[in-house]
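Asker: So you can see what is in the structure, the chains are spelled out below.
There are 2 protein chains.
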Amino acid sequence: MSTDNKKDVSCLVILSGGQDSTTCLHWAKRHFKEIHTIAFDYGQKHRIELKSAERIAHHAHVLDHETIDMRGLMKSTSPLIEHTHPVGQYKSAEDLPGGIEPTFIPCRNILFLTVAANRAVVKGIKDLVIGVSAVDYGGYPDCRPGFIKGMEDTLCQGLEMDITIHVPLISMSKKDTVLLALTLPGCMEALAYSHTCYEGAFPPCGKCHACLLRAKGFQEAGIEDPLSGDPSSNSHSK
Amino acid sequence: MSTDNKKDVSCLVILSGGQDSTTCLHWAKRHFKEIHTIAFDYGQKHRIELKSAERIAHHAHVLDHETIDMRGLMKSTSPLIEHTHPVGQYKSAEDLPGGIEPTFIPCRNILFLTVAANRAVVKGIKDLVIGVSAVDYGGYPDCRPGFIKGMEDTLCQGLEMDITIHVPLISMSKKDTVLLALTLPGCMEALAYSHTCYEGAFPPCGKCHACLLRAKGFQEAGIEDPLSGDPSSNSHSK
Chain R
-10 MSTDNKKDVS
0 CLVILSGGQD
10 STTCLHWAKR
20 HFKEIHTIAF
30 DYGQKHRIEL
40 KSAERIAHHA
50 HVLDHETIDM
60 RGLMKSTSPL
70 IEHTHPVGQY
80 KSAEDLPGGI
90 EPTFIPCRNI
100 LFLTVAANRA
110 VVKGIKDLVI
120 GVSAVDYGGY
130 PDCRPGFIKG
140 MEDTLCQGLE
150 MDITIHVPLI
160 SMSKKDTVLL
170 ALTLPGCMEA
180 LAYSHTCYEG
190 AFPPCGKCHA
200 CLLRAKGFQE
210 AGIEDPLSGD
220 PSSNSHSK
Chain H
-10 MSTDNKKDVS
0 CLVILSGGQD
10 STTCLHWAKR
20 HFKEIHTIAF
30 DYGQKHRIEL
40 KSAERIAHHA
50 HVLDHETIDM
60 RGLMKSTSPL
70 IEHTHPVGQY
80 KSAEDLPGGI
90 EPTFIPCRNI
100 LFLTVAANRA
110 VVKGIKDLVI
120 GVSAVDYGGY
130 PDCRPGFIKG
140 MEDTLCQGLE
150 MDITIHVPLI
160 SMSKKDTVLL
170 ALTLPGCMEA
180 LAYSHTCYEG
190 AFPPCGKCHA
200 CLLRAKGFQE
210 AGIEDPLSGD
220 PSSNSHSK
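Residue numbers (the working numbering), protein chains in the order written: chain R, -10 to 227; chain H, -10 to 227.
To be clear, the hints were calculated from the coordinates, so they are not data collected in a lab. One thing to keep in mind: the hints can contain errors.
[Said to hold, decoys possible] Where chain H lies over chain R, by a calculated footprint (3+ residues, C-beta under 8 Å):
| id | region |
| --- | --- |
| 1 | 52 to 59 |
| 2 | 95 to 104 |
| 3 | 107 to 118 |
| 4 | 131 to 141 |
[Unchecked claim] In silico DSBU-like pairs for lysine-lysine, Cα to Cα no more than 35 Å straight-line:
| id | chain 1 | residue 1 | chain 2 | residue 2 |
| --- | --- | --- | --- | --- |
| 5 | H | K64 | R | K(-5) |
| 6 | R | K64 | H | K18 |
| 7 | R | K112 | H | K64 |
[To be verified] Label pairs and their computed distance ranges (CB to CB):
| id | chain 1 | residue 1 | chain 2 | residue 2 | range |
| --- | --- | --- | --- | --- | --- |
| 8 | H | D58 | R | E55 | 16 to 22 Å |
| 9 | H | K40 | R | K40 | 36 to 42 Å |
| 10 | H | G135 | R | V111 | 20 to 26 Å |
| 11 | H | R36 | R | G61 | 17 to 23 Å |
| 12 | R | D30 | H | V111 | 19 to 25 Å |
Think of the CB as a built atom: it goes at the ideal place given N, C-alpha and C, for glycine as much as any other residue.
Next up, chain R with everything else stripped away, as it sits in the complex:
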């Protein structure tokens, strides 16, 4: 999980097309030589984010971007993939019984990191980047340092290779993430292309947990969200 400067090696960024992974991609551009990106089509309702990921990868001049089709591979009652279930509107996972959001898909991040590691090995890459945060994590257990450490160890053991999972946002609130984005060249522009709304709506619904978290982060940072600015300045209207 160390994030030493590795300007002599390439990395693979898991790019969902959302705010966090977009910020991670630009963080990676600062720390690594060349960037590869990977996105996952797991049957998510908000498919608009796959298009966002493509545009953000192109805008960042990555070496290659791959969208992996894994529709139907994961089962869950999560409204993110079970489209008959409403996403629901609530402010934080603390309001929920059990403390885990109903949007949680069991094993999603394990699967993403596993397939990413497979592609990394094939490309000769040993550094993965994922935009999980243990602060505003919505009760997802697979966004915590203990999980990331376990996953890193498992990949090292299972591949007999030194794989590193970089998690630059692991200790950051959404506000911190916005402030980090401000320091990364091109990142705020890229965020105009990013997608966050769990309803897959544009303009964003403004009511789902993801929308509320994003809005709170920009508000606390005192920055206008480029996504909510002049519609003519972002990709969604083009």
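Given chain R, work out where chain H should sit, using these hints.
Answerer: Relative to the frame of chain R, chain H by itself:
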């Protein structure tokens, strides 16, 4: 990785249709209340094993059997999925540079266990069974106790649940596995339906690493392989 008796709970067995997973399925029938099985279509050359898995599951009266389509999800130069590459013939991984068989597919077992864990959670199951062995493991790093322990920890962390990965064959040679099979009701019959050959051939090619290992195990145990007996007694000829 503990294998205490759990006759009051159900388990999910990863069933490839080969000798080891068939033996594990029958081991699980002894230790668990009800058995679910899962097989993976990852584009393997020896697709005959998927049919074998179905038949073996049916023969064992499992509660349900699912074949999961994940063709194209993993990339590798392994001849198991890259069909233009010959499997090659050699006696042991020790003969190979690096000590890892060219049939190794990076992250295959991680992926199998991850998708199996997703299905287990949906079914309310906390016990997974996989037929890996660290003895006759062909240099695969994802067949060793350290990997299994890491994977188990990762699943527990990532799901916030007590998941157990049972590996009854982890310390067994092929000979030991044959001797175990002899003690499990119905297992030797089931092995007549199993498939091992890396070439996907029937009758088995008898030359690939998998064929040689299987033959050695039965020979050392002093038992005739039910697969190599009277063709009219096994499924392949029906």
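Asker: Compare the structure with each hint and give your call.
Answerer: Hints versus structure:
1. 52 to 59: Result for this restraint: holds, n = 3.
2. 95 to 104: Contact hint for the region 95 to 104 of chain R vs chain H: holds, 7 residues under 8 Å.
3. 107 to 118: Held - the region 107 to 118 of chain R has 4 residues with a Cβ nearer than 8 Å to chain H, which meets the minimum of three.
4. 131 to 141: holds (count 6)
5. K64/H <-> K(-5)/R: holds, 26 Å
6. K64/R <-> K18/H: Answer holds: K64/R to K18/H is near 25 Å, not above 35 Å.
7. K112/R <-> K64/H: holds, 10 Å
8. D58/H <-> E55/R: 16 to 22 Å: holds, 19 Å
9. K40/H <-> K40/R: 36 to 42 Å: Holds, since K40/H and K40/R (Cβ atoms, about 39 Å apart) stay within the stated range.
10. G135/H <-> V111/R: 20 to 26 Å: Between G135/H and V111/R, where Cβ atoms are some 23 Å apart, the hint holds.
11. R36/H <-> G61/R: 17 to 23 Å: holds, 19 Å
12. D30/R <-> V111/H: 19 to 25 Å: holds, 20 Å
Violated hints are absent here; each numbered hint is respected by the structure.
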